[in-house]
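*Asks:* Take a look at the letters that make up each chain.
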Amino acid sequence: MKTPSLSGFCDLVYASPNNWENRIRRPISLYLLWSNGNRWLSKKISEMNYGDETRLVTTDIDEKCLATGLALIYPSLESIEPELSSLPSRKVWYSEIPAWRNTSGFFNEFTQVSYQSDIEPLPSKASLLTFHPFIQFGDVINNLLVLNVTNDPNIQSGKISMFNSFDKSFIANLPISTNSLTTIPLDVYNFKPTDLPVFYSPEIAGIPFGLGIAKSGRMLSLEHTHPPASLVLHGNRRAIQGKIKKSWIEKLVKV
Amino acid sequence: MTDVLIKATKIKRRAKLLLFISKRLTKAPSDSSAVISDLFPIRNSNLWKTEFELLNVLGLIVGENNQKEPYSVKFYFYNCYGKLLGVREIDIKNVGRTTVKIADLIAHKFEEAATFAVFHPTILGKIDMLGSYLAERGYCGYEYLSLGVKGYVHGNLDAVALSNDKVEPLGNSGLISRYYTVQHCLRGPAKYEFVFTNPTPKTIKIIPNILLNKKKWLAKKSFTMNSLGSHTFTVDVKENEKAYVRFKSKLYLGRPVVFRISNNSMDVFHG
Chain Z
0 MKTPSLSGFC
10 DLVYASPNNW
20 ENRIRRPISL
30 YLLWSNGNRW
40 LSKKISEMNY
50 GDETRLVTTD
60 IDEKCLATGL
70 ALIYPSLESI
80 EPELSSLPSR
90 KVWYSEIPAW
100 RNTSGFFNEF
110 TQVSYQSDIE
120 PLPSKASLLT
130 FHPFIQFGDV
140 INNLLVLNVT
150 NDPNIQSGKI
160 SMFNSFDKSF
170 IANLPISTNS
180 LTTIPLDVYN
190 FKPTDLPVFY
200 SPEIAGIPFG
210 LGIAKSGRML
220 SLEHTHPPAS
230 LVLHGNRRAI
240 QGKIKKSWIE
250 KLVKV
Chain F
0 MTDVLIKATK
10 IKRRAKLLLF
20 ISKRLTKAPS
30 DSSAVISDLF
40 PIRNSNLWKT
50 EFELLNVLGL
60 IVGENNQKEP
70 YSVKFYFYNC
80 YGKLLGVREI
90 DIKNVGRTTV
100 KIADLIAHKF
110 EEAATFAVFH
120 PTILGKIDML
130 GSYLAERGYC
140 GYEYLSLGVK
150 GYVHGNLDAV
160 ALSNDKVEPL
170 GNSGLISRYY
180 TVQHCLRGPA
190 KYEFVFTNPT
200 PKTIKIIPNI
210 LLNKKKWLAK
220 KSFTMNSLGS
230 HTFTVDVKEN
240 EKAYVRFKSK
250 LYLGRPVVFR
260 ISNNSMDVFH
270 G
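Chains as they are written, first to last, in numbering that gives the first Met the number 0: chain Z, 0 to 254; chain F, 0 to 270.
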């Protein structure tokens, strides 16, 4: 992931999170995948054996591969064609309890911030509704990051709309794209500590993050916001999420 | 011979499935009016501050964050042994978001608090929840050395439920111990602090293992956590050293919150 003023990293560990599920031990090839808007392009970057770790940083990756702010790392047991019409479907590093993760994040000369990454492709057309409680105050730069990956290599443009969740007032429409990491500066909107912005995208789903950068550079903050389903547990969460989204979207769209 | 091996492997995998995923990570509360919360670690010292982003969860579920009817939220504080120290009730202000300073809530009374849970009022009767329960899965913000920016982390485990003022641990544990390898290569120079909470009704023993510079897994001194207790396991990694850690326990998901402290800064994330 690439965002202004910071370098991105991805720390890969070839070790399953538990000792009983998917005990894969074969050597794998690491591929870098990125979209040129028409096809997924791939490039083999290294190999890993079981127990290895490696760190990939954006400064070591050709700029053209990070033109959308995002390139994917895919561990593969087979060689991959240099051009693909959709992302590889085989899950190589995969487990369920817990899910197999790696660490992505950002760093600068002073510090780093980590996030337990791994992303499944999102539907090409889906909506996003999320609340953003991470805006900080003082000597800090606040950004919203929206990460989207779809199987389809096309880069579709869309918008994410920002509202105040309290009075549902409209704040702004902001551009986002599929197969991209979009960085949206938030400080221009002069939020107050009691404000909770809500973001709604009718056509592009994604994983939203709050990114805080101390103006001194000495502290970074990165965490994803939750989808509405995370407000409840057990039962029919999918249906509840549908109800929550419908209720909010009806009110926000009226605005 | 190959067929026999394949058959034996399949039987072994099925047996493991039965042993390891026969239950859910957490169970549903026994009372349909219950509300759920995580157990959030507290860092409170001259180096650390903890804040909690308190949202109107009920309002967010029903689609109305302008909460005209006043209501309160209960913060339950526990020490590291899982003992309930006390409860503080916070009136939800009619605003979008309230940042709660945990130090203010525990001052003078609950200063040994190691974790807290946040319980909202029941939503039963306000909306058809289709068998679901309102859940506070939080966002805790941790500030180190007054750096002016908090590192946020969401709730880790759907740990406890509250109904009729009774707290019920929801975490499941198994009969057989299993390893959880933290999926992060520890890089020095840094101090790593792994904060565990025990969401189960049982006492849980955890055996940490460390692999330093790809040499050999070394078992470290084990620790136990009472139900709703917590423990911090610390690893110092020197410059140019790399390490992995794994934890053996009967927890279904022995996943800690990880604090990485380095160069007078810190990074917090889920392990």
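Any given hint could be a false lead.
Here are a few chain Z residues that sit away from chain F, every Cβ distance over 12 Å (derived from the structure) [what the hints assert, rightly or not]: (1) C64; (2) S164; (3) F169; (4) V187; (5) H223; (6) I248.
In silico DSBU-like links for lysine-lysine, alpha-carbon gap of 35 Å or less [unchecked claim]: (7) K244/Z <-> K67/F; (8) K191/Z <-> K125/F; (9) K43/Z <-> K215/F; (10) K237/F <-> K43/Z; (11) K48/F <-> K26/F; (12) K73/F <-> K244/Z; (13) K90/Z <-> K249/F; (14) K100/F <-> K167/Z; (15) K100/F <-> K214/Z.
No lab work stands behind these hints, which were simulated from the structure alone. These figures come from a predicted structure and were not determined experimentally. Every residue gets a Cβ at the ideal spot worked out from N, C-alpha and C, and that includes glycine.
*Asks:* All hints, please: hold or fail.
*Replies:* Hint by hint, here is what the structure shows:
Listed as outside the interface, C64/Z is consistent with that label: its C-beta sits roughly 23 Å from the nearest C-beta of chain F, beyond the 12 Å cut-off. The Cβ of S164/Z does not lie farther than 12 Å from every Cβ of chain F; its closest approach is about 4 Å, which violates its non-interface assignment. Remark: the non-interface label on F169/Z is consistent with the geometry, its nearest Cβ contact in chain F lying 15 Å away (cut-off 12 Å). Chain F leaves V187/Z outside its interface by the beta-carbon criterion, the shortest separation being 18 Å against a cut-off of 12 Å.
A beta-carbon of chain F is positioned within 12 Å of the beta-carbon of H223/Z; the least distance is around 8 Å. Against chain F, the non-interface label of I248/Z is violated: not every CB pair exceeds 12 Å, the least being about 9 Å. A C-alpha spacing of about 21 Å is found between K244/Z and K67/F, which places the hinted pair at or below 35 Å, so the restraint holds. For the suggested pair K191/Z and K125/F, the alpha carbons sit about 30 Å apart, so the restraint of at most 35 Å is met.
With a C-alpha separation of about 30 Å, the suggested pairing of K43/Z with K215/F holds against the 35 Å cut-off. For the proposed pair K237/F and K43/Z, the alpha carbon gap of about 32 Å is at most 35 Å, so the pair holds. Of the supplied pair hints, the one linking K48/F and K26/F holds, its CA atoms being roughly 32 Å apart against a limit of 35 Å. Our distance criterion of 35 Å between C-alpha atoms is met by K73/F and K244/Z, whose separation comes to about 27 Å.
Proposed proximity of K90/Z and K249/F is supported: the alpha carbons are some 27 Å apart, at most 35 Å. Proposed proximity of K100/F and K167/Z is supported: the alpha carbons are some 27 Å apart, at most 35 Å. A threshold of 35 Å between alpha carbons decides the hint, and for K100/F with K214/Z the separation of about 23 Å falls inside it, so the pair holds.
When the structure is compared with the earlier hints, violations turn up for hints 2, 5 and 6 and for no others.
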